[in-house]
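Generate coordinates for the entire structure from the input sequences, incorporating the hints supplied.
Chains as they are written, first to last, in our numbering: chain A, 1 to 219; chain B, 1 to 219; chain C, 1 to 219; chain D, 1 to 219.
Because the hints were derived from the structure by calculation, they are not lab data.
Heads up, the beta-carbon is just placed ideally off N, CA and C, and yes, glycines get one too.
Relax, there's no trap hidden among the hints.
Dumping the calculated SDA-like pairs for lysine to any residue here, alpha-carbon to alpha-carbon at most 25 Å:
1) A:K112 to B:R129
2) C:K112 to D:V181
3) B:K63 to A:G36
4) D:K112 to C:R129
5) D:K63 to A:I43
6) C:K112 to D:E118
7) B:K63 to A:R41
8) B:K112 to A:E133
Chain C is nowhere near these chain D residues, computed Cβ spacing over 12 Å in every case:
9) G34
10) D44
11) R141
12) S145
Protein chains: 4
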Amino acid sequence: MPAAPDSDRELPTTPRGLRTRSALVAAARRVFEGSGYLDSRLIDITRAAQCSAGTFYTYFTSKEEILAAVLEQARDDMLHPGTERVDPHDDPVAVIAASNRAYFEAYRRNAKLMALLEQVSNIDPEFRRLRRERADAFVRRNARSIESLQNRGLADAELDPLLASRALSSMISRLAFNHFVVDAADDRAPGDYEGLLVTATRLWVNALRLPLSDIGDDE
Amino acid sequence: MPAAPDSDRELPTTPRGLRTRSALVAAARRVFEGSGYLDSRLIDITRAAQCSAGTFYTYFTSKEEILAAVLEQARDDMLHPGTERVDPHDDPVAVIAASNRAYFEAYRRNAKLMALLEQVSNIDPEFRRLRRERADAFVRRNARSIESLQNRGLADAELDPLLASRALSSMISRLAFNHFVVDAADDRAPGDYEGLLVTATRLWVNALRLPLSDIGDDE
Amino acid sequence: MPAAPDSDRELPTTPRGLRTRSALVAAARRVFEGSGYLDSRLIDITRAAQCSAGTFYTYFTSKEEILAAVLEQARDDMLHPGTERVDPHDDPVAVIAASNRAYFEAYRRNAKLMALLEQVSNIDPEFRRLRRERADAFVRRNARSIESLQNRGLADAELDPLLASRALSSMISRLAFNHFVVDAADDRAPGDYEGLLVTATRLWVNALRLPLSDIGDDE
Amino acid sequence: MPAAPDSDRELPTTPRGLRTRSALVAAARRVFEGSGYLDSRLIDITRAAQCSAGTFYTYFTSKEEILAAVLEQARDDMLHPGTERVDPHDDPVAVIAASNRAYFEAYRRNAKLMALLEQVSNIDPEFRRLRRERADAFVRRNARSIESLQNRGLADAELDPLLASRALSSMISRLAFNHFVVDAADDRAPGDYEGLLVTATRLWVNALRLPLSDIGDDE
DNA sequence: CATGAATGAGAGTTCATTCAT
DNA sequence: AATGAATGAACTCTCATTCAT
Numbered sequence: 001m002p003a004a005p006d007s008d009r010e011l012p013t014t015p016r017g018l019r020t021r022s023a024l025v026a027a028a029r030r031v032f033e034g035s036g037y038l039d040s041r042l043i044d045i046t047r048a049a050q051c052s053a054g055t056f057y058t059y060f061t062s063k064e065e066i067l068a069a070v071l072e073q074a075r076d077d078m079l080h081p082g083t084e085r086v087d088p089h090d091d092p093v094a095v096i097a098a099s100n101r102a103y104f105e106a107y108r109r110n111a112k113l114m115a116l117l118e119q120v121s122n123i124d125p126e127f128r129r130l131r132r133e134r135a136d137a138f139v140r141r142n143a144r145s146i147e148s149l150q151n152r153g154l155a156d157a158e159l160d161p162l163l164a165s166r167a168l169s170s171m172i173s174r175l176a177f178n179h180f181v182v183d184a185a186d187d188r189a190p191g192d193y194e195g196l197l198v199t200a201t202r203l204w205v206n207a208l209r210l211p212l213s214d215i216g217d218d219e
Numbered sequence: 001m002p003a004a005p006d007s008d009r010e011l012p013t014t015p016r017g018l019r020t021r022s023a024l025v026a027a028a029r030r031v032f033e034g035s036g037y038l039d040s041r042l043i044d045i046t047r048a049a050q051c052s053a054g055t056f057y058t059y060f061t062s063k064e065e066i067l068a069a070v071l072e073q074a075r076d077d078m079l080h081p082g083t084e085r086v087d088p089h090d091d092p093v094a095v096i097a098a099s100n101r102a103y104f105e106a107y108r109r110n111a112k113l114m115a116l117l118e119q120v121s122n123i124d125p126e127f128r129r130l131r132r133e134r135a136d137a138f139v140r141r142n143a144r145s146i147e148s149l150q151n152r153g154l155a156d157a158e159l160d161p162l163l164a165s166r167a168l169s170s171m172i173s174r175l176a177f178n179h180f181v182v183d184a185a186d187d188r189a190p191g192d193y194e195g196l197l198v199t200a201t202r203l204w205v206n207a208l209r210l211p212l213s214d215i216g217d218d219e
Numbered sequence: 001m002p003a004a005p006d007s008d009r010e011l012p013t014t015p016r017g018l019r020t021r022s023a024l025v026a027a028a029r030r031v032f033e034g035s036g037y038l039d040s041r042l043i044d045i046t047r048a049a050q051c052s053a054g055t056f057y058t059y060f061t062s063k064e065e066i067l068a069a070v071l072e073q074a075r076d077d078m079l080h081p082g083t084e085r086v087d088p089h090d091d092p093v094a095v096i097a098a099s100n101r102a103y104f105e106a107y108r109r110n111a112k113l114m115a116l117l118e119q120v121s122n123i124d125p126e127f128r129r130l131r132r133e134r135a136d137a138f139v140r141r142n143a144r145s146i147e148s149l150q151n152r153g154l155a156d157a158e159l160d161p162l163l164a165s166r167a168l169s170s171m172i173s174r175l176a177f178n179h180f181v182v183d184a185a186d187d188r189a190p191g192d193y194e195g196l197l198v199t200a201t202r203l204w205v206n207a208l209r210l211p212l213s214d215i216g217d218d219e
Numbered sequence: 001m002p003a004a005p006d007s008d009r010e011l012p013t014t015p016r017g018l019r020t021r022s023a024l025v026a027a028a029r030r031v032f033e034g035s036g037y038l039d040s041r042l043i044d045i046t047r048a049a050q051c052s053a054g055t056f057y058t059y060f061t062s063k064e065e066i067l068a069a070v071l072e073q074a075r076d077d078m079l080h081p082g083t084e085r086v087d088p089h090d091d092p093v094a095v096i097a098a099s100n101r102a103y104f105e106a107y108r109r110n111a112k113l114m115a116l117l118e119q120v121s122n123i124d125p126e127f128r129r130l131r132r133e134r135a136d137a138f139v140r141r142n143a144r145s146i147e148s149l150q151n152r153g154l155a156d157a158e159l160d161p162l163l164a165s166r167a168l169s170s171m172i173s174r175l176a177f178n179h180f181v182v183d184a185a186d187d188r189a190p191g192d193y194e195g196l197l198v199t200a201t202r203l204w205v206n207a208l209r210l211p212l213s214d215i216g217d218d219e
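So, in structure tokens, the structure goes:
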């Protein structure tokens, strides 16, 4: 399941080639994060990677392709953010709290890249697809979790699990975007991160009508 | 409180000038909606407005400025979408349902423009500001509503009204974006609009822990 | 002997027309002096004259033509700068000193316009001709003066009067240009005006080998 | 002491790049000399250099910059025009005559470029500075020469050497400009070059009150 | 006599991509 | 595998001049 557009170039075989390719991807990440996709020129990237403009095309066929390679890097971190696995038999509220926290932390780590993805997904259909695939993976996982809670009699049975997951996942991801991307870009005073997390989790728990036991004690 | 960037050009005084300016804005809306901001060339706009390239600069100083004028058009419709006012003493659940529906309907009417705003707000700081100002107006209104419900003992008193509003407003606006912009752009089968609305409203109501009385009977 | 390009437009007959034309010329002088010929836009001039762009063409056929009208204004002041007539039977040295001083004072009064003339005469052949005609008038007058001094046995008889006048007139006019235009434009400390005048006059007198009697006592 | 504006582009390292850059500068000189600065379009230059419009920007950032490069070419020839060095212990009159002749000859060789410099120095402050720096070098050299003659008791001690040099240098350079640029541009009958030179030198010598010995015998 | 909107050719400039070396 | 000069289409923007009102 390739989440990123296929590369049209083979991966290099020699160590030198691998090194150059890595340098280009790393440089591209820096440049893209610093200037955004549109304002980054290929020549900025090759200069940062200390190679010539022509060399770029040994490894990538276009600007889009190297962006795909850059975004690929953060993929696993965003899709499986939990460093420690959560036991699904733990208290559901604690699981949700931990999961939300893990998502926010991953977002924080990859904020610049998420901003980039948001930018290009509104420009290039290929990247819109990429973003949607990632969002869908997140939505499906949450839908499974909601369905499981419903089956165990813990969550509001009236809710369509997939639609509910779409809504709640949207809520979380947009909160993260606003917090880590928008507010940061506008040099706003940093918002109340913990408060945000607590509120988001409480809303999520309420929304599913889970028993309230111990919201907020997730640390 | 001008939500849009100020024009650097005076409004024309003669009827003819007014007509031409309107034709340009209308043409710009069509062109932007059809090709997106980046791919729209000024010459496409002037051609659609049946005037010369130079005439554009009689009324606008740049592509950004005419986009601002275009977005200005949809402003009131997005900020005050309800055609019929809701009585705040109605059943809270009914109010929320009606309000969400009104938002979705306004989004549907202005979907292309919202897509445009999403695109440029990730490119141009001026438009990021514009989007945030509009989002904030929406968030503040919902926050007041939540606070009022709390004061009347109907909503979960533990919630910070502003943070909760941010979260729930994010949920609604992102759902609308995904439904009317993303899915449409990708030629997906149209989603279950009514189901989405019902779920969103139920989640909102649950999240605030409002009494359940008559969720979903908002039609 | 029209020193300026002919106007293609008749002078207006009504008082209103005369007023508008005058306002345009005055405005053009201000605008040209402030921004130079190339950077002045017709619309700047009409705005300054408080009339519309179209009105301009009631009185002038082009940007060049109004410049000609502006330069015409300073013509007499530059060609006959002496307010009080010098008696040609005065001491020749005193006559030269007074004449140089008068030239410099006229240059000072019209410095901005001279800068303008210098600018356009290097761009537009029509104005090159205008400048040369004025320079020639100055040169011829000085040539006559030199010839007269030679005939009276006072000046170096070996000199060709016309060539000598060209050289000495060039010296004076270029000194004035450097002093009032170049140095002023570059925000240099104002040069030693009196010293310049004394030196220029002494060089002129020496160059003609006039008797030295009373150089510098020209005040 | 760079007299020309610094380049914003690095000089090319490869022979091919050097060749292309040279072709562009040579083409620019031809085009500028033929059409003047303002009427020369970049595309005329690149066409004459047989390269594409984009290539221009590999070597220069603007039209001004390539003009600076063109003017740079003639710099040394104008500042050190004497092919054979003059022995400062020669007869002073002969030295002056030789020096004036050398200046005129250099002006003749670079007349088109001098016209160009005169044109742009009245348009662009950067080139006004350039012209002044070159004029100043010329003035300073002549001032030193005058001072030396004064110290040796040969020249009028009453003269301020710097002011006198400014005046006499202005005289010479303006004569050259009028002879080689203005008269040529207006298709006038060629003036009496030798007569001009003799007169200019005689005036210069007279102006300094040098002993007359052998004026005009400088050939 | 006055208006001011409309014109439109043409300029300089950018940069992803190619390709001869 | 690497170079970097060359490409060229496409863009935005300007402003003297015209003309219908």
